[in-house]
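Protein chains: 2
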Amino acid sequence: MTIYNFAAGPATLPDSVLEEAQRDLVSFPGVGTSLMEMSHRSKTVQDMIQSAEDDIRSLAGIPDDYHIMFLQGGASLQFSMAPMNLLTPGGHADHIVSGSFAKLALQDAQKVGDVRVAGSTEDQDFVRVPYQDELNLDPLSDYVHFTGNNTIIGTEWPTEPDTGDVPLVADLSSNIFSKPIDITRYGLVYAGAQKNLGAAGVTMVLIRDDLLARSAESLPSMLNYATLAKSHSAHNTPPVFSIYILGLVVKWIAAQGGLEQMSRQNEDKAQVLYEALDASEFYRGHALPEHRSRMNVTFRLPNPELEAQFTADATTEGLVELKGHRSVGGIRASIYNAFPKDGVSALVSFMKEFERTHG
Amino acid sequence: MTIYNFAAGPATLPDSVLEEAQRDLVSFPGVGTSLMEMSHRSKTVQDMIQSAEDDIRSLAGIPDDYHIMFLQGGASLQFSMAPMNLLTPGGHADHIVSGSFAKLALQDAQKVGDVRVAGSTEDQDFVRVPYQDELNLDPLSDYVHFTGNNTIIGTEWPTEPDTGDVPLVADLSSNIFSKPIDITRYGLVYAGAQKNLGAAGVTMVLIRDDLLARSAESLPSMLNYATLAKSHSAHNTPPVFSIYILGLVVKWIAAQGGLEQMSRQNEDKAQVLYEALDASEFYRGHALPEHRSRMNVTFRLPNPELEAQFTADATTEGLVELKGHRSVGGIRASIYNAFPKDGVSALVSFMKEFERTHG
Chain A
1 MTIYNFAAGP
11 ATLPDSVLEE
21 AQRDLVSFPG
31 VGTSLMEMSH
41 RSKTVQDMIQ
51 SAEDDIRSLA
61 GIPDDYHIMF
71 LQGGASLQFS
81 MAPMNLLTPG
91 GHADHIVSGS
101 FAKLALQDAQ
111 KVGDVRVAGS
121 TEDQDFVRVP
131 YQDELNLDPL
141 SDYVHFTGNN
151 TIIGTEWPTE
161 PDTGDVPLVA
171 DLSSNIFSKP
181 IDITRYGLVY
191 AGAQKNLGAA
201 GVTMVLIRDD
211 LLARSAESLP
221 SMLNYATLAK
231 SHSAHNTPPV
241 FSIYILGLVV
251 KWIAAQGGLE
261 QMSRQNEDKA
271 QVLYEALDAS
281 EFYRGHALPE
291 HRSRMNVTFR
301 LPNPELEAQF
311 TADATTEGLV
321 ELKGHRSVGG
331 IRASIYNAFP
341 KDGVSALVSF
351 MKEFERTHG
Chain B
1 MTIYNFAAGP
11 ATLPDSVLEE
21 AQRDLVSFPG
31 VGTSLMEMSH
41 RSKTVQDMIQ
51 SAEDDIRSLA
61 GIPDDYHIMF
71 LQGGASLQFS
81 MAPMNLLTPG
91 GHADHIVSGS
101 FAKLALQDAQ
111 KVGDVRVAGS
121 TEDQDFVRVP
131 YQDELNLDPL
141 SDYVHFTGNN
151 TIIGTEWPTE
161 PDTGDVPLVA
171 DLSSNIFSKP
181 IDITRYGLVY
191 AGAQKNLGAA
201 GVTMVLIRDD
211 LLARSAESLP
221 SMLNYATLAK
231 SHSAHNTPPV
241 FSIYILGLVV
251 KWIAAQGGLE
261 QMSRQNEDKA
271 QVLYEALDAS
281 EFYRGHALPE
291 HRSRMNVTFR
301 LPNPELEAQF
311 TADATTEGLV
321 ELKGHRSVGG
331 IRASIYNAFP
341 KDGVSALVSF
351 MKEFERTHG
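One line per chain: the protein sequences are A and B, in this order.
Residues in the first sequence are numbered from 1 upward in steps of one, following the working numbering.
Residues in the second sequence are numbered from 1 upward in steps of one, following the working numbering.
Incorrect hints may have been included.
What the hints assert, rightly or not - In silico contact screen, one side only, chain A against chain B (beta carbon under 10 Å); selected entries:
id: 1; residue: Ala21
id: 2; residue: Ile68
id: 3; residue: Met69
id: 4; residue: Ser221
id: 5; residue: Pro340
id: 6; residue: Ala346
id: 7; residue: His358
To be verified - List time: in silico DSS-like cross-link candidates among lysine-lysine, alpha-carbon distance up to 30 Å:
id: 8; chain 1: B; residue 1: Lys179; chain 2: B; residue 2: Lys103
id: 9; chain 1: B; residue 1: Lys352; chain 2: B; residue 2: Lys341
id: 10; chain 1: A; residue 1: Lys179; chain 2: A; residue 2: Lys251
id: 11; chain 1: B; residue 1: Lys43; chain 2: B; residue 2: Lys251
id: 12; chain 1: B; residue 1: Lys103; chain 2: B; residue 2: Lys43
id: 13; chain 1: A; residue 1: Lys111; chain 2: B; residue 2: Lys251
id: 14; chain 1: B; residue 1: Lys43; chain 2: A; residue 2: Lys341
id: 15; chain 1: A; residue 1: Lys179; chain 2: A; residue 2: Lys103
id: 16; chain 1: B; residue 1: Lys230; chain 2: B; residue 2: Lys111
id: 17; chain 1: A; residue 1: Lys43; chain 2: B; residue 2: Lys230
id: 18; chain 1: A; residue 1: Lys43; chain 2: B; residue 2: Lys352
id: 19; chain 1: B; residue 1: Lys111; chain 2: A; residue 2: Lys230
id: 20; chain 1: A; residue 1: Lys103; chain 2: B; residue 2: Lys111
id: 21; chain 1: A; residue 1: Lys43; chain 2: A; residue 2: Lys230
id: 22; chain 1: A; residue 1: Lys230; chain 2: A; residue 2: Lys251
id: 23; chain 1: B; residue 1: Lys230; chain 2: A; residue 2: Lys352
id: 24; chain 1: B; residue 1: Lys230; chain 2: A; residue 2: Lys103
id: 25; chain 1: A; residue 1: Lys352; chain 2: A; residue 2: Lys341
id: 26; chain 1: A; residue 1: Lys43; chain 2: B; residue 2: Lys103
id: 27; chain 1: A; residue 1: Lys230; chain 2: A; residue 2: Lys352
id: 28; chain 1: B; residue 1: Lys341; chain 2: B; residue 2: Lys179
id: 29; chain 1: A; residue 1: Lys111; chain 2: B; residue 2: Lys179
id: 30; chain 1: A; residue 1: Lys352; chain 2: A; residue 2: Lys43
id: 31; chain 1: B; residue 1: Lys111; chain 2: B; residue 2: Lys251
id: 32; chain 1: B; residue 1: Lys43; chain 2: B; residue 2: Lys341
id: 33; chain 1: A; residue 1: Lys230; chain 2: A; residue 2: Lys111
id: 34; chain 1: B; residue 1: Lys230; chain 2: B; residue 2: Lys251
id: 35; chain 1: A; residue 1: Lys103; chain 2: A; residue 2: Lys251
id: 36; chain 1: A; residue 1: Lys103; chain 2: A; residue 2: Lys43
id: 37; chain 1: A; residue 1: Lys103; chain 2: B; residue 2: Lys352
id: 38; chain 1: B; residue 1: Lys103; chain 2: A; residue 2: Lys230
id: 39; chain 1: B; residue 1: Lys43; chain 2: B; residue 2: Lys111
id: 40; chain 1: A; residue 1: Lys111; chain 2: B; residue 2: Lys230
Think of the hints as simulated: they come from the structure by calculation, not from any bench.
Just so you know, even glycine gets a beta-carbon here, dropped at the ideal spot from N, CA and C.
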């Protein structure tokens, strides 16, 4: 039976990536030992990291005045590292709160310094993101932080908020490289790898070089963007294997046709599911249609008992990890870059059959 | 040709661990997807993490009043996390400086709070660790920090410094589980996995429960030991694959006979190399004999040209990664738990032949 894995992250990886990683795990080509056994200062590992970086630059059009870093600690560590590094003495930052992770980012940032809420849809249970005219952005703030996609409710910003000349900082963990990105609109982007970029254990951080000047010397080395950027992701031992998997995934995206093609495929997959939702009275989507996520499609059934039955029956059909986040319940189908179209079709068929027999 | 990998870390892993990881990489037994694709909240991943923790408790005799955490950022992030969490308001800590990494730990800790040097062998170029009677320990300090093994010069503490009732904090990255450990002598132990415990990307942290009360609520969540301990290594997405490899290595150590057996093997391997050094006028060890490391055996040849020739010739014989750390030069043979005795014998034979032809 084919298994389709709708997990919200860690999530489905391309088969070819897993197969290559498996083939080369014990004996890395040209070396004879495992990549996991090799010094991070060896030419092989340095070349691997450089190649991942080069491929990211080429895939997403990242210019030379941005550093690409592979860090640890997940997006969650960036919640505090961003303000530690980017707040200026006496300065403050604006956060836009469009979901639970945006709220966690706010809470950690507020432990670091003067961080304000410039907009929130918490009153609307995060079923949409804030509209531009609802934002109360201070043109004097050090930066504006937003969260590109809400995995729990399943909303996504159709485009970046307009922050004028204030640097934009974004947690794009759950929709990075799912579509083209104009990096010049951002000062800092961070993304845990385990949804669209690979396996858990590495966070990609893109930062515009001029912002590195803000990192104070008083910051501990592992929390200092300037120190980390200078060392080329090897201030200490980097998470070599996770960077390797990320590099394979980036190559895979390029081989599929790049970010434009990813965007088309992701639109296409999401549309099939949303059309099925909209054609039914049995299933009700969480998110407002205009801000629906292409990554996480969330919905409810008439009652929790039917939802439990739905996920149980789906699992026996090989459609696994469909249970919604514990904070909202319901169903969540996460369909990141590597999730195959066939899995979406299989889910739609299952939904129709389930509605026919239980509706 | 058999390749013996003397890398200082990331370092040699047991063949059986690599083979099991390879076999199960694409399709994890009983699941059908890769472990790298599975939710960190899934039963399989939670069981895997729990099993790694249970095996560590059993292997090293870690009692229930210690938390075991699998964190990110390497030992280097612990350099600042330890003082962030363990310094009390108005309090101070003592650091013992016995090598370059101990010095880095000191420098990062001093960025966080009042951290003093209670002993240092920097004047002796770190060729030994401080003697107990050289230590200037304040019985009122919040904790004492030391570094168990110096990978660069190749020294190791024969036993822990005696700190009385002051909690002992240790970076044991390069000799953890190479011998039995009396954890009750420690308040906090941290160790990057990539030398004795597995692959890069995870740091094992053992902390005595009473010390968790010191973590202030004002600390960002990913830097707060109390928050991280409560979440059972899943406050955010943990580095699943690195924890998995660590778990396999811990099982492997247990299967070899446990820490007593590791200690015997490591003593035995190191002794063979040190005897070869001591029997020769051609090779000169860096470290003072009484504080020699069982993990990193370092030595010089009569001149740098011969050292370059030595590493080049050794590489063609399959004895790789023997070049000493760039800060001291010379030769370094790292022979952690998983490094096979046969590799040590092969190096000794090579050394004798090289001395015969170049001595």
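Hint check results:
Nearest Cβ of chain B to the Cβ of alanine 21 of chain A: about 6 Å, under the 10 Å cut. The hint holds. Evaluation of the isoleucine 68 of chain A hint against chain B yields a violated restraint, the C-beta minimum of about 18 Å exceeding 10 Å. With its C-beta approaching chain B no nearer than about 13 Å, methionine 69 of chain A sits outside the 10 Å limit, and its interface hint is violated. At its closest, the beta carbon of serine 221 of chain A sits 6 Å from a beta carbon of chain B; the interface hint therefore holds under the 10 Å criterion.
Restraint check, proline 340 of chain A versus chain B: the minimum CB separation of about 13 Å is more than 10 Å; hint violated. Contact between alanine 346 of chain A and chain B, as hinted, is not supported at the beta carbon level, the nearest pair being about 15 Å apart and thus beyond 10 Å. Annotation: histidine 358 of chain A was flagged as interfacial toward chain B, and the flag is violated, the nearest CB pair being 26 Å apart, outside 10 Å. Between lysine 179 of chain B and lysine 103 of chain B the CA atoms are separated by roughly 25 Å; this keeps the pair inside 30 Å, and the hint holds.
Straight-line distance between C-alpha atoms of lysine 352 of chain B and lysine 341 of chain B comes to about 17 Å, which keeps the hinted pair within the 30 Å bound. Simply put, lysine 179 of chain A and lysine 251 of chain A have alpha-carbon atoms about 15 Å apart, close enough for the 30 Å limit, and the pair holds. With a C-alpha separation of about 20 Å, the suggested pairing of lysine 43 of chain B with lysine 251 of chain B holds against the 30 Å cut-off. With a C-alpha separation of about 41 Å, the suggested pair lysine 103 of chain B and lysine 43 of chain B falls outside the 30 Å cut-off, and the hint is violated.
Annotation: proposed proximity of lysine 111 of chain A to lysine 251 of chain B is violated, straight-line Cα distance about 40 Å (limit 30 Å). Taken as a hint, the lysine 43 of chain B and lysine 341 of chain A pair is honoured in the structure, with Cα atoms around 27 Å apart against an allowance of 30 Å. Note on lysine 179 of chain A and lysine 103 of chain A: the hinted pairing holds, with a Cα-Cα distance of about 25 Å set against a maximum of 30 Å. Between lysine 230 of chain B and lysine 111 of chain B the CA atoms are separated by roughly 27 Å; this keeps the pair inside 30 Å, and the hint holds.
Taking the CA atoms of lysine 43 of chain A and lysine 230 of chain B, the gap is near 40 Å; set against the 30 Å cutoff, the hint is violated. Our distance criterion of 30 Å between C-alpha atoms is met by lysine 43 of chain A and lysine 352 of chain B, whose separation comes to about 29 Å. Of the pairs offered as hints, the one joining lysine 111 of chain B and lysine 230 of chain A holds, with about 19 Å between alpha carbons and a cut-off of 30 Å not exceeded. Distance check on the hinted pair: lysine 103 of chain A and lysine 111 of chain B sit about 29 Å apart at the alpha-carbon level, within 30 Å; holds.
Distance restraint check for lysine 43 of chain A and lysine 230 of chain A: the Cα-Cα separation of roughly 18 Å lies within the 30 Å cut-off, and the hinted pair is therefore satisfied. Taking the CA atoms of lysine 230 of chain A and lysine 251 of chain A, the gap is about 25 Å. The hint holds against a cut of 30 Å. Under the criterion of a C-alpha separation no larger than 30 Å, the hint pairing lysine 230 of chain B with lysine 352 of chain A is inconsistent with the structure, at around 42 Å. For a cut-off of 30 Å, the pair hint linking lysine 230 of chain B to lysine 103 of chain A stands: about 20 Å separates their Cα positions.
For a cut-off of 30 Å, the pair hint linking lysine 352 of chain A to lysine 341 of chain A stands: about 17 Å separates their Cα positions. Proximity of lysine 43 of chain A to lysine 103 of chain B is assessed by CA-CA distance (about 27 Å); at most 30 Å being required, the pair is judged to hold. Taken as a hint, the lysine 230 of chain A and lysine 352 of chain A pair is broken in the structure, with Cα atoms around 54 Å apart against an allowance of 30 Å. For the proposed pair lysine 341 of chain B and lysine 179 of chain B, the alpha carbon gap of about 16 Å is at most 30 Å, so the pair holds.
Simply put, lysine 111 of chain A and lysine 179 of chain B have alpha-carbon atoms about 41 Å apart, too far for the 30 Å limit, and the pair is violated. Straight-line distance between C-alpha atoms of lysine 352 of chain A and lysine 43 of chain A comes to about 54 Å, which puts the hinted pair past the 30 Å bound. Only pairs whose Cα atoms come within 30 Å are accepted, and lysine 111 of chain B paired with lysine 251 of chain B is rejected, the gap being roughly 38 Å. For a cut-off of 30 Å, the pair hint linking lysine 43 of chain B to lysine 341 of chain B is broken: about 39 Å separates their Cα positions.
Our distance criterion of 30 Å between C-alpha atoms is met by lysine 230 of chain A and lysine 111 of chain A, whose separation comes to about 27 Å. Taking the CA atoms of lysine 230 of chain B and lysine 251 of chain B, the gap is about 25 Å. The hint holds against a cut of 30 Å. Distance check on the hinted pair: lysine 103 of chain A and lysine 251 of chain A sit about 33 Å apart at the alpha-carbon level, beyond 30 Å; violated. For the proposed pair lysine 103 of chain A and lysine 43 of chain A, the alpha carbon gap of about 41 Å is over 30 Å, so the pair is violated.
For the hint pairing lysine 103 of chain A with lysine 352 of chain B, the CA-to-CA distance comes to about 64 Å; that exceeds 30 Å, so the pair is violated. Only pairs whose Cα atoms come within 30 Å are accepted, and lysine 103 of chain B paired with lysine 230 of chain A is accepted, the gap being roughly 20 Å. Taken as a hint, the lysine 43 of chain B and lysine 111 of chain B pair is broken in the structure, with Cα atoms around 40 Å apart against an allowance of 30 Å. This hinted pair checks out: lysine 111 of chain A and lysine 230 of chain B have alpha carbons roughly 19 Å apart, not beyond 30 Å.
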